[in-house]
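S.K.: Take these sequences, add in the hints, and give me the full structure.
Listed below, chain by chain, are the residues.
2 protein chains.
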Amino acid sequence: MKLFRRLISLDEALKAVLAYAKPAETEIEEIGFGDALNRVLAEDVYSPADSPPFDRAAMDGYAIRAEDSFGASPNNPVLLRLIKSQSEKGKESRVGVEIGDGECFSIQTGMALPNGSNAVVMLEYTKERGSELEIFKPVTPGKNVSFKGEDVKKGEVVLKEGKLLRAHDVGMLASLFKRSVKVYKRAKFGIISTGDELLNPEDAEPYEGENRIADVNSYVLAGLTEPIASSYRIGIVRDNYDRIKAAISESLAVDSDSNCHCDGLLISGGSSVGKRDFIADAVEDSGKLVFHGVAIRPGEPTGFGIVNNKPVFILPGYPVAAISAFELLVRPFLFAMHGVKEERKKIFAVARKKIPSAVGRTDFVRVKLFYKENEYFVEPIRVSGSGILSSMTKSDGFVVIEENKEGVEAGEKVEVDVWG
Amino acid sequence: MKLFRRLISLDEALKAVLAYAKPAETEIEEIGFGDALNRVLAEDVYSPADSPPFDRAAMDGYAIRAEDSFGASPNNPVLLRLIKSQSEKGKESRVGVEIGDGECFSIQTGMALPNGSNAVVMLEYTKERGSELEIFKPVTPGKNVSFKGEDVKKGEVVLKEGKLLRAHDVGMLASLFKRSVKVYKRAKFGIISTGDELLNPEDAEPYEGENRIADVNSYVLAGLTEPIASSYRIGIVRDNYDRIKAAISESLAVDSDSNCHCDGLLISGGSSVGKRDFIADAVEDSGKLVFHGVAIRPGEPTGFGIVNNKPVFILPGYPVAAISAFELLVRPFLFAMHGVKEERKKIFAVARKKIPSAVGRTDFVRVKLFYKENEYFVEPIRVSGSGILSSMTKSDGFVVIEENKEGVEAGEKVEVDVWG
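Residue numbers (this note's numbering), protein chains in the order written: chain A, 5 to 424; chain B, 5 to 424.
Careful, some of the hints might be misleading.
Each pair may be met inside one copy or between any two copies, as identical chains are not told apart.
Said to hold, decoys possible - List of simulated lysine-lysine pairs, PhoX-like, C-alpha gap at most 20 Å:
no.	residue 1	residue 2
1	K358	K88
2	K152	K398
3	K345	K189
4	K372	K249
5	K398	K345
6	K152	K372
7	K157	K398
8	K350	K192
9	K157	K376
10	K398	K158
11	K357	K372
12	K376	K350
13	K376	K189
14	K372	K164
15	K164	K398
16	K345	K376
17	K345	K372
18	K26	K292
19	K19	K292
20	K376	K192
21	K349	K372
22	K350	K398
23	K398	K88
24	K417	K358
25	K417	K350
26	K417	K349
Calculated directly from the structure, the hints in this document are not laboratory data.
M.R.: Written as structure tokens, this is what we have:
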């Protein structure tokens, strides 16, 4: 029976795993901008031109010289001469349209401002009378105009390397006609559940009998991995040193073309101090075991190693402990490896009850959020073991209590990481 | 030139669209639990049994009668007799193991507690000496034990209809051996961009020349739709009443087997008060125009109609205005239609600067978040038009300023909807 090599703090563990997560070494691929949603940008994107490319109307109405509208009111409208466009394509060209004193030109949002004009008076404040226009409200110069380069200047970086691309970022790429874009390749993480007692819930008959234990972790870990990396569910491997070692070697083989070729592994189960703990041994004998045992709760029997230069996370068998270890160590690793520069936004909430925690370990506490008068309040979900999956499904997110803190007092403010 | 039929408030518009979003009418499908991530549950899921199914060890160690450990200390350990399992399958059966006074049994996390025992003493506080065990720390009854039904009781609802399924919820389904699960079918929304000036950024040559305008909206709207419904980019349709009407009729045809058969449409562009506004006419003549014109900014030229009993959203041509209308009206509609019961969690932040807004309209303000000492602060992104896509890419999220509010004062608290 073997204890952990050494129980290290979460900070030490995080430092150790991040040392192996180098985005510069992550492969980069070039993809169509239309496929770039939720991918991480691997280049700075520059604007090839000013945007807008010309001064343009920001409202439907009439282009005028602002000075001509001064003094206009509903009872005392200003009267301007309507100029007709030389061509029907006024919006694509300013050529041929010139506004002089006392003149105006009908214009729609987005159209180039005619030469000589410096403002747009909104349709609502006008009335056409034959070849003349009544204006009921004055505008200042520049009113309802988007100026050339006001959005983005030519050569400006519009999207920075490391940005996780959202819908509007993809829109920005489209607006620049940037057909292809460099992004970090999504690493493929193999996911293995170990345990003699585990049944595959997809094969096994719907519930019958008391003592059946399903493989939960491979589904949960795949779901947690997917937003940032690809997951490949390898499935259940029995609690046997040779089988686990063979599974590691097959999935992390160098130069393998096989379907199960992976860039890293998440192996859960059996990584406790119990008798059946073959994973740490198998990792150590296949490459290097960086650490095994982290002062987090739940999730203490968490480990990390490198095999064939690829990361291998050893995660606890209990689902909640596996999720805790994933959130505290694997997610930061995946983000760093894929070059994500931004942090997840958290919610601040006031603890309604004391949240107990011991000094010397980091606690991962599932919590429920309550909303009252512009403020969030939070309560821990009552739990007594890391097997308690309902502590996850009933929760809105989690709070991390640092190892040097002896719990959280009622009334104290905490940071809540909300399920996405 | 035609003005909006009537400019209605966001509340009225929201009420009108939600009246057409009935989850009960949304189709339900049964899928494998492994495919249920990010889907919306259309049934209550009950637990077929107690979980855990039996009292079990929550830690590795030794099952004992707690009373036997009272008084144990490092200097004065308690000595207990080690009982061996009759079978090697101790963890699957309690039969054959019975703990009496002064006895203990080696146990791993998850194993059933032997009859007669009521607590587990952790491995760390013990030492085996031949057929005896030294215990260095007392435990109370129930310590390190997960009791039968403590997580979930038989017949209890573990996942409620309307839940958006996260990784841990899929894990819960796996743990119940629930092979298939009822979820709301993802509606398929066709996405059309209208505009004579638009170029397809996938076909057009990379940037050249000043005056080219890309179809941005179909990509942005598809990206915004995807997390909850399927999107089908129909592409660019020219600003022509007949073409728009034909596109609506083709994509919303009843009993169509064609690839472009849709359950709803998002049509953007041209829906302003300008001359080229054919969409509202085409919707009105194809079915029913429920409203056109909403007092939101940006996004005023937003409309909604029903064609062949299917929803059609008319969205502004300007990308930021289209996003504003999507967030304020389309997203709530999609959530309601797909039966999602939960609200998105927001972040509260203190305004660092005044955020101006006019009474009588709802403002959609892009903001940047700043973090300082357990508190978020927020500043509006300086903008001057709804064409300013960089106001989105530079922002962390948005703030909605209700129509009866005249802006937000510096120091006031606001709710921020953060980009996911």
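S.K.: Each hint: holds or not?
M.R.: A quick look at each hint next to the structure:
1. K358 to K88: For K358 and K88, neither the intra-copy (74 Å) nor the inter-copy (42 Å) Cα distance is at most 20 Å.
2. K152 to K398: between (52 Å within a copy, 19 Å between copies)
3. K345 to K189: This pair counts as within: shortest intra-copy Cα distance 16 Å, inter-copy 35 Å.
4. K372 to K249: neither (40 Å within a copy, 49 Å between copies)
5. K398 to K345: Between. Shortest inter-copy distance 14 Å satisfies the 20 Å Cα cut-off; intra-copy 31 Å does not.
6. K152 to K372: neither (49 Å within a copy, 24 Å between copies)
7. K157 to K398: between (48 Å within a copy, 14 Å between copies)
8. K350 to K192: For K350 and K192, the Cα distance exceeds 20 Å both inside one copy (27 Å) and across copies (32 Å).
9. K157 to K376: neither (44 Å within a copy, 31 Å between copies)
10. K398 to K158: Result: close only across copies, 17 Å inter versus 50 Å intra.
11. K357 to K372: For K357 and K372, only the intra-copy Cα distance (11 Å) is at most 20 Å; the inter-copy one is 32 Å.
12. K376 to K350: both (18 Å within a copy, 13 Å between copies)
13. K376 to K189: Classified as neither; 43 Å inside a copy, 34 Å across copies.
14. K372 to K164: Between. Shortest inter-copy distance 16 Å satisfies the 20 Å Cα cut-off; intra-copy 35 Å does not.
15. K164 to K398: For K164 and K398, only the inter-copy Cα distance (10 Å) is at most 20 Å; the intra-copy one is 37 Å.
16. K345 to K376: Classified as between: cross-chain Cα gap 19 Å, same-chain 33 Å, threshold 20 Å.
17. K345 to K372: between (28 Å within a copy, 16 Å between copies)
18. K26 to K292: within (18 Å within a copy, 56 Å between copies)
19. K19 to K292: Within. Shortest intra-copy distance 16 Å satisfies the 20 Å Cα cut-off; inter-copy 60 Å does not.
20. K376 to K192: For K376 and K192, the Cα distance exceeds 20 Å both inside one copy (42 Å) and across copies (37 Å).
21. K349 to K372: Close inside one copy (17 Å) and across copies (12 Å); limit 20 Å.
22. K350 to K398: For K350 and K398, the Cα distance is within 20 Å both inside one copy (19 Å) and across copies (19 Å).
23. K398 to K88: neither (66 Å within a copy, 39 Å between copies)
24. K417 to K358: within (11 Å within a copy, 26 Å between copies)
25. K417 to K350: So K417 and K350 pass the 20 Å test inside a copy (12 Å) and across (16 Å) alike.
26. K417 to K349: both (16 Å within a copy, 17 Å between copies)
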